[in-house]
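Chemist: Sequence:
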Amino acid sequence: AVKSTKWRQTMEVEIKAIEKNHTWELVELPKNAKKIGVKWIYKTKLNEHGEVDKFKARLVAKGYSQEHGIDYMRFLLQLLEWIQSG
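According to this note's numbering, the sequence shown is numbered sequentially starting from 64.
Keep in mind that the hints are not guaranteed to be accurate.
To be verified - The calculated DSS-like cross-link candidates involving lysine-lysine, where the alpha carbons are at most 30 Å apart (straight line), are:
no. : residue 1 : residue 2
1   : LYS106    : LYS66
2   : LYS94     : LYS108
3   : LYS106    : LYS94
4   : LYS98     : LYS83
5   : LYS119    : LYS66
6   : LYS66     : LYS102
7   : LYS66     : LYS117
8   : LYS79     : LYS108
9   : LYS83     : LYS66
10  : LYS66     : LYS94
11  : LYS66     : LYS125
12  : LYS125    : LYS97
13  : LYS125    : LYS69
14  : LYS106    : LYS117
15  : LYS66     : LYS79
If you're looking for bench data, these hints aren't it; they were derived computationally from the structure.
Since the model is a prediction, treat every value here as computed from it, not as a measurement.
Please take these sequences and the hints and turn them into a complete structure.
Modeler: See below:
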């Protein structure tokens, strides 16, 4: 899919939307923290004749690579501490 011009354009639109909406914020990775990867999800929408009408691409985080009690519980604890300190 990445080699196709249509998919490339769709991916560029998704990246621009992410930037425009400030969906993500680039931050320094805390010591001993684990990076979470991302992957592209591709989907086509068909018209009433069953022909491809639209290409859709979403960039999603691989949240399933987190370990319960280590990765995301730590984040929630830090968030709660930050909220309580403010």
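Chemist: Now look at each hint and say whether the structure bears it out.
Modeler: Consistency of the hints with the structure:
no. : hint             : verdict
1   : LYS106 to LYS66  : holds (15 Å)
2   : LYS94 to LYS108  : violated (43 Å)
3   : LYS106 to LYS94  : violated (37 Å)
4   : LYS98 to LYS83   : holds (23 Å)
5   : LYS119 to LYS66  : holds (15 Å)
6   : LYS66 to LYS102  : holds (16 Å)
7   : LYS66 to LYS117  : holds (17 Å)
8   : LYS79 to LYS108  : holds (21 Å)
9   : LYS83 to LYS66   : holds (25 Å)
10  : LYS66 to LYS94   : violated (36 Å)
11  : LYS66 to LYS125  : holds (23 Å)
12  : LYS125 to LYS97  : holds (12 Å)
13  : LYS125 to LYS69  : holds (24 Å)
14  : LYS106 to LYS117 : holds (9 Å)
15  : LYS66 to LYS79   : holds (19 Å)
Consistency with the previously given hints fails for numbers 2, 3, 10, ordered from lowest to highest.
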